[in-house]
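Visitor: These are the residues of each chain, in order.
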Amino acid sequence: MATAMQQRGSMQPYRGGSGYVARSSSSGLYDVLELILDKGLVIDVFVRVSLIGIEILTVDARIVIASVDTYLRFAEAVNRLDLMSTETQGLPEMMEGITEGGASNKTKGVLQGAKEALFGEEDEDSGDGERQGERRRSSSSTTRRRRKSGSSGSSGGGSSGSRSRSSSKS
Amino acid sequence: MSESNGGGVRYVYGVVRARRSSRLKQTGINGEPLKVVADGGLGALTSTVPEGFLEAGRDELLTHSAVLERALKKGTVLPMQFGVVMPDEAAVRRDLLKAHHRELETQLEEMDGKVEVNVKGIYSEPRILREALEEDGELRALRESIRDKPQDATYFERIRIGELIAECLGRKRAEDERRIVDRLLPHAVAVEVGEPVHERMALNASFLVEQRRQRDFDRALDEIAEGQSGRIQFKYTGPLPPHSFVELAMEAA
Numbered sequence: 000m001a002t003a004m005q006q007r008g009s010m011q012p013y014r015g016g017s018g019y020v021a022r023s024s025s026s027g028l029y030d031v032l033e034l035i036l037d038k039g040l041v042i043d044v045f046v047r048v049s050l051i052g053i054e055i056l057t058v059d060a061r062i063v064i065a066s067v068d069t070y071l072r073f074a075e076a077v078n079r080l081d082l083m084s085t086e087t088q089g090l091p092e093m094m095e096g097i098t099e100g101g102a103s104n105k106t107k108g109v110l111q112g113a114k115e116a117l118f119g120e121e122d123e124d125s126g127d128g129e130r131q132g133e134r135r136r137s138s139s140s141t142t143r144r145r146r147k148s149g150s151s152g153s154s155g156g157g158s159s160g161s162r163s164r165s166s167s168k169s
Numbered sequence: 000m001s002e003s004n005g006g007g008v009r010y011v012y013g014v015v016r017a018r019r020s021s022r023l024k025q026t027g028i029n030g031e032p033l034k035v036v037a038d039g040g041l042g043a044l045t046s047t048v049p050e051g052f053l054e055a056g057r058d059e060l061l062t063h064s065a066v067l068e069r070a071l072k073k074g075t076v077l078p079m080q081f082g083v084v085m086p087d088e089a090a091v092r093r094d095l096l097k098a099h100h101r102e103l104e105t106q107l108e109e110m111d112g113k114v115e116v117n118v119k120g121i122y123s124e125p126r127i128l129r130e131a132l133e134e135d136g137e138l139r140a141l142r143e144s145i146r147d148k149p150q151d152a153t154y155f156e157r158i159r160i161g162e163l164i165a166e167c168l169g170r171k172r173a174e175d176e177r178r179i180v181d182r183l184l185p186h187a188v189a190v191e192v193g194e195p196v197h198e199r200m201a202l203n204a205s206f207l208v209e210q211r212r213q214r215d216f217d218r219a220l221d222e223i224a225e226g227q228s229g230r231i232q233f234k235y236t237g238p239l240p241p242h243s244f245v246e247l248a249m250e251a252a
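Protein chains in written order, with numbering that gives the first Met the number 0: chain A, 0 to 169; chain B, 0 to 252.
So that you can see chain A by itself, here it is in the shape it has in the complex (with noise of 0.2 angstroms):
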């Protein structure tokens, strides 16, 4: 095994890099934990066991990107855009918008939501401090397309061989 292997990045300072992609230790935990909870091998056959504290149930990405509430929050949102101003948004304020998924904290991401269950108080992006009171469901892998280097255009998804996904989400 190649020695150069670093611990699991999460929780370490961003490896050499021009500064620009930003490492922080509690997102990256929480990402970590999203593919715990999605990926990963599976046997269907033997019972999951189910996360208290939050709903984990499938949804579509997409209906949560595409509703009434997330359309008026734009049109608020470019309506308030000063078109006078050059100035790009800063580092902070880009940081802080990284998990919360949305410039209004009314419509977070569904993980955020199950985040906020899981860790409470304890995130470094409390923000503007607006809990979210609802469970939200978590999107777990809807359509994944996977594509190998080196082939072109873009897959079908499913990979070669024969194994299939195996598709427990109880």
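One or more of the hints may lead you astray.
Computed Cβ-Cβ distance ranges for the label pairs, DEER-style [claimed, not checked]:
#1 B:Pro-32 - A:Glu-75: 53 to 59 angstroms
#2 A:Glu-75 - B:Lys-24: 52 to 58 angstroms
#3 B:Gln-25 - A:Glu-75: 49 to 55 angstroms
#4 A:Ser-66 - B:Arg-211: 42 to 48 angstroms
#5 A:Glu-75 - B:Glu-104: 53 to 59 angstroms
#6 B:Ala-140 - A:Ser-66: 20 to 26 angstroms
#7 A:Asp-68 - B:Gly-30: 50 to 56 angstroms
#8 A:Glu-75 - B:Arg-214: 42 to 48 angstroms
#9 B:Glu-166 - A:Ser-148: 28 to 34 angstroms
#10 A:Asp-68 - B:Asp-147: 19 to 25 angstroms
#11 A:Glu-75 - B:Lys-72: 43 to 49 angstroms
#12 A:Arg-79 - B:Gly-136: 18 to 24 angstroms
#13 A:Ser-148 - B:Leu-23: 31 to 37 angstroms
Simulated from the structure, these hints should not be mistaken for laboratory data. Idealized CB from N, CA, C, for every residue including glycine.
Given chain A's structure and the hints, the job is docking chain B onto it.
Guide: Frame of chain A, contents of chain B only:
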């Protein structure tokens, strides 16, 4: 909780190579020691959990992650999804290791020397809205038309504005995703592209990267991020065990 003869319900964290069964000093859920259940050169990383173990919370998630993280430092590991529980050690051998021996072997080989890197990109909302306005005449006109009018008089216009922005964002997302993935893929073995989880997400992708090429990958991402500075903020998580690149067939294989 019976410890004799491998009795006791087992929580399974992942699969590694192992020549023999063993008990590790490292602990898993509830502070129980990790036990490697070996069969045919494969080892399941397990620990004993209580009989009725059906619900878990934050601590268990964190422990699952920590066990895999540690395993990755030691060698190739195929991560289980969170929450796989098997009735006893014999079941682990029979229904996981034996039943899926060939697949697991193959995937261990495929994953040797490779890690997963998760990359997310988030749009700067002011920036992307500005772009939308610049590009879409209808949007500009609508925006003008509702200026200085009371909100209740402009409901449908605002919906239309939001729709146009959402469509524009969707187009940009598709294009940015394609361009970014195309630039990173040469430094990776494979990519799993996920659906965006909220409307400002530009990219949500996991890459399978060879460890010896990770520096190249990181540098390529740095360049992309610098070029998108002020427009897309990137978030990088890794190196990780290859959660997104392993799977088991429904039937034993």
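Visitor: Please go over all the hints and tell whether each is borne out by the structure.
Guide: Here is how each hint holds up against the structure:
1. Take Pro-32 (chain B) and Glu-75 (chain A): their Cβ atoms lie about 55 angstroms apart, and the range 53 to 59 angstroms holds.
2. Checked against the given bound of 52 to 58 angstroms, the beta carbons of Glu-75 (chain A) and Lys-24 (chain B), roughly 56 angstroms apart, stay inside it.
3. Take Gln-25 (chain B) and Glu-75 (chain A): their Cβ atoms lie about 51 angstroms apart, and the range 49 to 55 angstroms holds.
4. Taken as a hint, the range 42 to 48 angstroms holds for the pair Ser-66 (chain A) and Arg-211 (chain B), whose Cβ atoms sit roughly 45 angstroms apart.
5. For Glu-75 (chain A) and Glu-104 (chain B), the hinted distance range of 53 to 59 angstroms is satisfied, since their beta carbons lie about 56 angstroms from each other.
6. At roughly 24 angstroms, the beta-carbon separation of Ala-140 (chain B) and Ser-66 (chain A) lies within the given 20 to 26 angstroms, and the hint holds.
7. Checked against the hint of 50 to 56 angstroms, the pair Asp-68 (chain A) and Gly-30 (chain B) fails, with Cβ atoms roughly 45 angstroms apart.
8. Our hint of 42 to 48 angstroms for Glu-75 (chain A) and Arg-214 (chain B) holds, since their Cβ atoms are close to 44 angstroms apart.
9. Judged by the Cβ atoms, the range 28 to 34 angstroms given for Glu-166 (chain B) and Ser-148 (chain A) holds: they are separated by roughly 31 angstroms.
10. Taking 19 to 25 angstroms as the suggested C-beta distance range, the pair Asp-68 (chain A) and Asp-147 (chain B) conforms, at roughly 24 angstroms.
11. Between Glu-75 (chain A) and Lys-72 (chain B) the C-beta distance comes to about 48 angstroms, which sits within the given range of 43 to 49 angstroms.
12. Taking 18 to 24 angstroms as the suggested C-beta distance range, the pair Arg-79 (chain A) and Gly-136 (chain B) conforms, at roughly 21 angstroms.
13. At roughly 35 angstroms, the beta-carbon separation of Ser-148 (chain A) and Leu-23 (chain B) lies within the given 31 to 37 angstroms, and the hint holds.
Hint violations for this structure: number 7 only, all remaining hints satisfied.
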